[in-house]
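Here the structure of chain L is known, so what remains is to put chain Y in place on it, guided by the hints.
Below, each chain spelled out in residue letters.
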Amino acid sequence: MASRITAAAHDDRPTFQEAAVDIVNAPSTALSSTTARWFLILGAMFVLGVVGFVLKIVDAGMDDRASWGYYVAMVSFLLSTAAGAPMLSIAPVLAKANWIRPVMRISQLFSAIGVLTAIMSIPLIFLLPPLVEDEVRRRSIWFGSPAYFPHMWDTIAIFGLVFIGLALLWSSSLPDLAAIRENGGGRRQKWARRLAPGFIGTWGQWKALKMRMGVLSAFYFLFLVFTHVLFASDYIHALVPGYKDAIFPMYHALTSLQAGVASVILATYFFWKYGGFDRYIGINQMWNLAKLQFALSLLWFYFFFSAWIVFWYSRTPQNEKVIELFDHGPYMWAFLGTLFFSFIIPMWTLMWNFIRVSMRGPTILAVVIIFGTLLDRVRLTVGPWSIEDINEKFLTEIPETVWPDLWDIFMFIGMFGGAAFLFLLVTRLVPAVSLWEIQQSRLISKPAMYMRGEVEIVGKPD
Amino acid sequence: MRQGRQLDEIRINKELLNGALETPAWWKWAVLILFTIVISGFVVFGIQTNKGLGVTGLSRPVFWGAYITTFVFWVGISHAGIMISAILRLTQAEWRRPVTRAAELLTVFSLLTALSFPVIHAGRPWRIIYWIFPYDFARGLWPNVRSPLVWDPAAIGTYLTGSTLFLYVALLPDLGVLRDRTTGWKHAMYGALSLGWRGNPRQWRLQTVAGVLLSALMLPIFVSVHSIVSWDFAVTPGVEGWNSTIFAPYFVIGAVHSGVSAVVTMMALMRWLWKWDNFIRPEHFDALARLLIVVAVAWFGFTIVEILFSLYTLEGPELAFRDMQIFQWPWAGLFVVFLLTGFFIPVTMWLFKGVRNSIALMFWTSILVNIGMWLERFLIVVPALARKQPFVYTWGSYQPSIVEFAMMAWSFAFVSMNMLLFARFFPLIPLFESKEAMIFTTEMKIGRTTIPAVLREQE
Numbered sequence: 004m005a006s007r008i009t010a011a012a013h014d015d016r017p018t019f020q021e022a023a024v025d026i027v028n029a030p031s032t033a034l035s036s037t038t039a040r041w042f043l044i045l046g047a048m049f050v051l052g053v054v055g056f057v058l059k060i061v062d063a064g065m066d067d068r069a070s071w072g073y074y075v076a077m078v079s080f081l082l083s084t085a086a087g088a089p090m091l092s093i094a095p096v097l098a099k100a101n102w103i104r105p106v107m108r109i110s111q112l113f114s115a116i117g118v119l120t121a122i123m124s125i126p127l128i129f130l131l132p133p134l135v136e137d138e139v140r141r142r143s144i145w146f147g148s149p150a151y152f153p154h155m156w157d158t159i160a161i162f163g164l165v166f167i168g169l170a171l172l173w174s175s176s177l178p179d180l181a182a183i184r185e186n187g188g189g190r191r192q193k194w195a196r197r198l199a200p201g202f203i204g205t206w207g208q209w210k211a212l213k214m215r216m217g218v219l220s221a222f223y224f225l226f227l228v229f230t231h232v233l234f235a236s237d238y239i240h241a242l243v244p245g246y247k248d249a250i251f252p253m254y255h256a257l258t259s260l261q262a263g264v265a266s267v268i269l270a271t272y273f274f275w276k277y278g279g280f281d282r283y284i285g286i287n288q289m290w291n292l293a294k295l296q297f298a299l300s301l302l303w304f305y306f307f308f309s310a311w312i313v314f315w316y317s318r319t320p321q322n323e324k325v326i327e328l329f330d331h332g333p334y335m336w337a338f339l340g341t342l343f344f345s346f347i348i349p350m351w352t353l354m355w356n357f358i359r360v361s362m363r364g365p366t367i368l369a370v371v372i373i374f375g376t377l378l379d380r381v382r383l384t385v386g387p388w389s390i391e392d393i394n395e396k397f398l399t400e401i402p403e404t405v406w407p408d409l410w411d412i413f414m415f416i417g418m419f420g421g422a423a424f425l426f427l428l429v430t431r432l433v434p435a436v437s438l439w440e441i442q443q444s445r446l447i448s449k450p451a452m453y454m455r456g457e458v459e460i461v462g463k464p465d
Numbered sequence: 002m003r004q005g006r007q008l009d010e011i012r013i014n015k016e017l018l019n020g021a022l023e024t025p026a027w028w029k030w031a032v033l034i035l036f037t038i039v040i041s042g043f044v045v046f047g048i049q050t051n052k053g054l055g056v057t058g059l060s061r062p063v064f065w066g067a068y069i070t071t072f073v074f075w076v077g078i079s080h081a082g083i084m085i086s087a088i089l090r091l092t093q094a095e096w097r098r099p100v101t102r103a104a105e106l107l108t109v110f111s112l113l114t115a116l117s118f119p120v121i122h123a124g125r126p127w128r129i130i131y132w133i134f135p136y137d138f139a140r141g142l143w144p145n146v147r148s149p150l151v152w153d154p155a156a157i158g159t160y161l162t163g164s165t166l167f168l169y170v171a172l173l174p175d176l177g178v179l180r181d182r183t184t185g186w187k188h189a190m191y192g193a194l195s196l197g198w199r200g201n202p203r204q205w206r207l208q209t210v211a212g213v214l215l216s217a218l219m220l221p222i223f224v225s226v227h228s229i230v231s232w233d234f235a236v237t238p239g240v241e242g243w244n245s246t247i248f249a250p251y252f253v254i255g256a257v258h259s260g261v262s263a264v265v266t267m268m269a270l271m272r273w274l275w276k277w278d279n280f281i282r283p284e285h286f287d288a289l290a291r292l293l294i295v296v297a298v299a300w301f302g303f304t305i306v307e308i309l310f311s312l313y314t315l316e317g318p319e320l321a322f323r324d325m326q327i328f329q330w331p332w333a334g335l336f337v338v339f340l341l342t343g344f345f346i347p348v349t350m351w352l353f354k355g356v357r358n359s360i361a362l363m364f365w366t367s368i369l370v371n372i373g374m375w376l377e378r379f380l381i382v383v384p385a386l387a388r389k390q391p392f393v394y395t396w397g398s399y400q401p402s403i404v405e406f407a408m409m410a411w412s413f414a415f416v417s418m419n420m421l422l423f424a425r426f427f428p429l430i431p432l433f434e435s436k437e438a439m440i441f442t443t444e445m446k447i448g449r450t451t452i453p454a455v456l457r458e459q460e
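Protein chains in written order, with my numbering: chain L, 4 to 465; chain Y, 2 to 460.
I should point out that these hints are in silico values taken from the structure, not numbers from a laboratory.
Below, a sample of chain L positions facing chain Y; criterion: calculated Cβ distance under 10 Å:
| id | residue |
| --- | --- |
| 1 | F251 |
| 2 | V313 |
| 3 | E459 |
| 4 | I460 |
Backbone N, C-alpha and C define an ideal beta-carbon position, used for all residues, glycine too.
In isolation and in its complexed conformation, chain L is listed as follows:
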């Protein structure tokens, strides 16, 4: 029956040589005047953020926990977006998905933002109260461990995650850096010589590369879960007296995946529209990403509801206080925003095929979801950080709403500016679309004619 594949269909995909030229010398890697302008703007935003941070220390000091809630929300937000994005280069590969290949490098590039996350996490070491205060130990996942265990392990987790992410980016870029080393010029070639000195594409080197990427991917996944469990438990969960929510760390990890996919969708759109990669990134990638986005948005509600139903049903005073703190109390505005932007709007739009199968539809929804995640992190962190007595047995008093001050707004601007700056910087050196993935994709897929229709034959190697 397979003999009805009558002939090869017309193949208008870029050839190996065209792809090499397009990707190695892509416009997005050049330092044009537009790009330079963007660097200046984003750099200025980042500097504004640093100014805000310094003035916050001068104004509030490091002891007033309530005034640093928004800062913790920012670190949580960065962990959720930038750290979750590289998972897209890991999970679909296990399912042998061919569509992900043009997008893999884009997702890995988000590891660069991890540098900002790691730097921003350093002040948290000084902000987080120790486990034991005035001889009273608060509940945590560390049980009887030393008082500064959370500070140590959370920092190790975040830095470890960033390091593994960068290692994964570097490993996957090796063949492309080697191509730049041989065919590029100027500063890029110099950097490529430093980062890929010996890669010449022997069979042994490719095998080692694949193995290294497999190990790093597995470690990245484990570290991502580990980091989210620790961060969610230590920086949020343990600060709410009497709060016991086993699903909370998983919720934090899942929403990180949701925001990570949204970030990749946004970046994919920009590279398609402005980056010169429109022959490699197309509707197929956006459609599949949109399906993932839809599923993750539904899962947002599932994880939220699984916790809420248990708290609501029990009707104990303690659980009612928890629901009030996070949902219908001082941060109800953030909760409603999260509900709409992270769930209701994505669900009611992404369920329609005409929105999923478009370039702009999923991109707009990605922005909506990223905003929803930001509100979610605000609602989850600012409340707990403004609780007066975190060493009580149960939460008795719901704190008043803490609004962001001018320094917090500066820091938010700086966070976005710094993240975008780092992302743009790394794309000057590393091509945003992986040349070797594109070439592998070309090897294992080809158009064909089946009876009178055009089909694609996609290889599924082990």
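Same frame as chain L, now just chain Y:
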């Protein structure tokens, strides 16, 4: 290299209809033995109804025991159907094709079995009618709609309805084939069931769209069913070890783990009993094992988090419960067996390609998983209740009686017998899926290597 041979449509019809159009020699004996166990189960149920629930091991404070464990177990097994047919259909995984119908069938029969257990467990089953029709209007005694126990029948009933529809829609083309190959009363039966299936393009299009729509619609139901069952336990603040927010996804992922393992067991038996070597191949077991590794690791992660957060508050009763569950005999022994059979032995074995491609080893590891998953539910339900009241001095007093073991055996025999009866009249492997697989799967040569490939429509 792609396994199996390219077969033509005539050969596919002949091999896959050998169960429906001819009776294998072993079939009658197997059904007879299973029927005997099923009848024995009904007799035992009759005895229990006559004598009361005292013939079971249930007693204060353990009022939920093996029956509820088995109820949850069968609801878990039922998740195989949607996992294999719906999710893998939506993700266009070609290797799902030989197992979709058997998985959907397993879902339907395991749900029927699961629904029987609350009836069995009621002791006086006629009183269940009061759940729907309150017996005392004057005093305003209505069913407690806040209770997950009231949501359970609605969720399971919806899932059963949807799964049956799903099974039936996918069966239509094969019913047409059977109608055209039979005479007499069978021809009339298949003719009525096939609803006028002619196989024209419009009907194929509608059937495909219906399958995709049902797949998408069943997914939220699939998640909600076991979540609601988990809330039977999770919303109970008074029982240590139960009041946990993670129960819903924990139960669902556990259900996928046990359900897919049950599908592996079933596939191995199908291949051996009906000699379907051309259709159920080692590559299918390999793919399922890889899926199971991911699911099992996620499930194990949830298990760790669940235990960690139960100890989080360091409250005396909770610590004492976990101490009893993990370190005291007999629960400690069961706990070790649960971990070994549910995770460590099978997952370690599945990491090796030789094991994944060995049908015998996959069969035995899948059985181990389901032993472990039954024990998981038992260890959630029973020890927690055994410690429920702090002043009870009869902790560890529950032991399933012969009656409960008989009903558990009845449930396995009931599902197996119904599967065999179905296989006598309808093909267990979809004919049209197998024919499509011959079209959609191919090979391609890259350099000197030949790799398996699939056809995709151009988007």
